[in-house]
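Bring the two chains, given one by one in their own frames, into a single complex with the hints.
First to last, the protein sequences are chains A and B.
Residues in the first sequence are numbered consecutively from 27, following my numbering.
Residues in the second sequence are numbered consecutively from 6, following my numbering.
Calculated from the structure, these hints are not laboratory results.
Model, not experiment: these values are computed from the prediction.
Among the hints, erroneous ones may be present.
Stated by the list, open to error - Here are the computed distance ranges between Cβ atoms for each label pair: (1) B:Pro163 to A:Glu314: 30 to 38 Å; (2) A:Val49 to B:Ser181: 49 to 57 Å; (3) B:Arg84 to A:Leu297: 39 to 47 Å; (4) A:Val49 to B:Phe50: 31 to 39 Å; (5) B:Gly54 to A:Pro119: 29 to 37 Å; (6) B:Arg84 to A:Gly66: 33 to 41 Å; (7) B:Val179 to A:Leu89: 46 to 54 Å; (8) A:Pro102 to B:Gly99: 39 to 47 Å; (9) A:Gly135 to B:Phe50: 37 to 45 Å; (10) B:Lys100 to A:Gly135: 46 to 54 Å.
Even for Gly, the Cβ is constructed at its ideal location relative to N, Cα and C.
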Amino acid sequence: MPVSSRGKSDTSESPFRSFWDTVLNERFWFTLSAWYDSFGMGDDARLVQRSLHRECQRSDIELEKWTEFFRELMSPEAPADPFHAIERVLSGPRKARYFLPGKIIAWFGDVCHYARIDRFNEQSLRFPIGGDTLLGKIADAIEHGSISGSSMEGNSIGVADRPLWITDITLTEEATSDVARNRLGLRSLNQPGNRLVEVRYRAAYLQQKGVQIKAPTVLDAWHDGPRRSWIFTKRPGTASEPEPGRTVAFSGDGRGIPGVIEGVHAPLLVLPTEGSNFALRVLRPTAELPPEQSLAGLLENDLV
Amino acid sequence: MSDLGADMAPDIWNLRARVKRAARYLSPLTDIELAHAMWRRMTGFADEGLPRFERHEQGADIFLDVVSAAASDDEYLIRSIRRASALIIAEQAGKPALVDLNGIGEALFLAARIQAQEAVNPIYALALNPEGEARLSNGESLQARSLRALLGLLIAFPASASEAHRKLFESLMVKSECSLTCLTALIAIFHGDRDRLVAAVRKHEIRIMDDQLDAHLAIAQTNSRSD
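Next comes chain B alone, as it looks inside the complex (with noise of 0.2 Å):
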């Protein structure tokens, strides 16, 4: 172990190597295996060349680290991490039945923080998804998962917004859990009138407060990718 360093100290509970061992342990593996590595871990099985889980981590949150600290040094495997969150994503949107939602939720959650504009059809694919009702375990619906991941890549990278996104948005904009998300899409990415967009979800009851959909707008006027 002496060509490791002394912050690679085999030591489960070694901090500074955490993420480091982590990112030698993916970097050699395919896309597919990469893939499969990460699912496992977000739908909470450990593996063994992965740091344990520590309090309070959720499945995703190691392929964060590892994108974070690798931002400078290896491009090669930010891109494969991101190649393979799309993979997932596009694998669980095609099956009839969803077993582990909340994997998929990890799936979501972790495509749309690492900025994986692959993942922007697998995820549009899966909110479109029969299933997508489903609850997550913080109460939020997987269709609603998906919009909120859809929207913050579409913030990142505008151009990829498509017809079929937009009628997606304007399709869901009446279920009000999905009100927020989707309006702000429609102005935000879509350019959409407000007050005609607002007043159609207002007519189906939903309540729509001015200073939320304000601030949901603020969030969404990035029209460039910067991380």
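Just chain A, same shape as in the assembly (with noise of 0.2 Å):
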């Protein structure tokens, strides 16, 4: 693999090469290999370009935008930084364009989405913003069922340009939010005392909407800011059809296990009657921090 090894990356050998050189000329490769060499050497440059090695080897995103998008990334103008050259495209003219490239994937059974309570407070549920007694009046309240997704009528689910990450309902029996985030990989739940909110709906649901589930992407993962996102870490394999990605549970050895399906779908407005389709369930907040992680375990671990 040119980049599970601490040593420097072989670009010539790289799936990232071999899949452009099918589909660009030698005078693009130049330009794209100078900007995949910018991202540096550091082990959290080396695991977004496995990701992009992955990407290339597997089916999962729509080839004409991806081929489209580093089109645009090797303008003339693009900005030396690298991630500044994505940050560039994807906020740009055409940034629609981009928007959750994954090809629709099959799902089984229910959707999932899982939030910090104060921030699906915050954006879906709309009660005033306060602190933690606040919160807890809200926990409290949707436990016994005073707030349900009734209250979610007339919000989103979800913010504008950013896919929403879902998974399937293997957490639905969890009851403490450690054991979720652990699984899910939400580094970004920090702190004890946190609680994580399960938002459950139906596929056929979003079916109805007319929304589709899609495979993640790289490219969603950078809609939430590319320098954010390097911890995404597309799931490894090859496969003919596009599938869910799949999430890094952290381990106790730091090396990261594999985790649980993900799939990715539009944000969403809850329309008044249909907050029965979205059932609440509120998860104990975290008692501990998360178990430690390091870049380099990540990196040397090919099963996540």
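Pasting the structure below:
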């Protein structure tokens, strides 16, 4: 693997190079390889590069959008910083073109989205914003059913121009936010006392609304902000059909283990009378800091 | 780096050091410097002294974590972050043209989450800004976000509620997006007559569901600060 070892990556033999040899000519490759190399040699950069390789080895992304993205990326005006270059394309006039570029995936059973309770209230419930006492009351009200999906009516789940990340029902029996956080690999849920809310809905409801569930791609991760998203780890392996992604769960040894499956879809406006499609559940607060992880450990682990 | 201890190792992925390192960076800053650093973060810019953004992390989250982690041993830093959040909102409220709406939305979220009583008046001023109809990324208007933050603070600090606030909530209760928040404030904080207020709103053909208003009022029944 060109980037799994700690030594210098060999771009000439990489899946990234092989892939682009088939769709771009040598002149383009010269510019593209400069962009690729400009990530540098740090473990974080190599993790980005590994995800690029994997994206090229899989069939999850619409080829036309993927190639167009790189053609734009290679424009003469592109900034030298690789992340700035990505940001420029994704926020440019054709940004909608690159939103949710993954292929539609088959999804069996219900869909679950997990969010911090304070952010879920901020974005989707829209009760007053307050401190831990107020959030505790919201959590109690969700548990007792006085706050339910109907409280989301008229509001959206997810925010504009950002993919909404979802998983299946694997975690629906988990009672604590610690376990869900660790399986989802939510490194931003960093302190004890944080609560996750589970929002569960039917894939058929999405279908009725014309919302498609798509395979997550590196472009989806970069839509969350390129600099923020290098943690995104593209699912390893090859497949002729698009597949869901897979989170990297925290492990005690810092190398990560395969987590739960994940997909993405567009943010949704919950219309009046649609609230009953959403079941809310609040998990017990985190009691501990997340287990430690290391970039180097993750990079050396080809299973994640 | 040996004085940092094992959990302060400079690995950029070191989660256990994340908040401690941020707190150590923020502690010596003046209120103005702190406000500047916070605003940069809340508008999406990286700062060498603060940890990298994690996946799904929003701009205000690291400051929430710092306040949460510092609760028992650094009251000064907590107060500084509260003052700085109020400073950010005050500065933005005075601008004729609001540039970074989502950054302002983050500042409002932070101020209310960390119970920055100092932010009550700046948030009130922001709610009056002529650009209040502008939309945040979750589709909410800046004015509606301001009212939710203001109400959250008034629930924690009811003694800060003023006649000006009451008039503000009364004037905006007939905007459908703001109705539930305003009714909750007028009933729970200002002890207005529920039936009369709801009838006044419904006259404008705004749908008010009794169970939704009940839920909002139940959340607002916090009459003393305990966070």
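Evaluated hints:
1. B:Pro163 to A:Glu314: 30 to 38 Å: holds, 35 Å
2. A:Val49 to B:Ser181: 49 to 57 Å: Cβ of valine 49 of chain A to Cβ of serine 181 of chain B: about 50 Å, so the range 49 to 57 Å holds.
3. B:Arg84 to A:Leu297: 39 to 47 Å: holds, 43 Å
4. A:Val49 to B:Phe50: 31 to 39 Å: holds, 35 Å
5. B:Gly54 to A:Pro119: 29 to 37 Å: Holds - the Cβ-Cβ distance for glycine 54 of chain B and proline 119 of chain A, about 34 Å, lies within 29 to 37 Å.
6. B:Arg84 to A:Gly66: 33 to 41 Å: holds, 40 Å
7. B:Val179 to A:Leu89: 46 to 54 Å: holds, 52 Å
8. A:Pro102 to B:Gly99: 39 to 47 Å: holds, 42 Å
9. A:Gly135 to B:Phe50: 37 to 45 Å: holds, 40 Å
10. B:Lys100 to A:Gly135: 46 to 54 Å: holds, 49 Å
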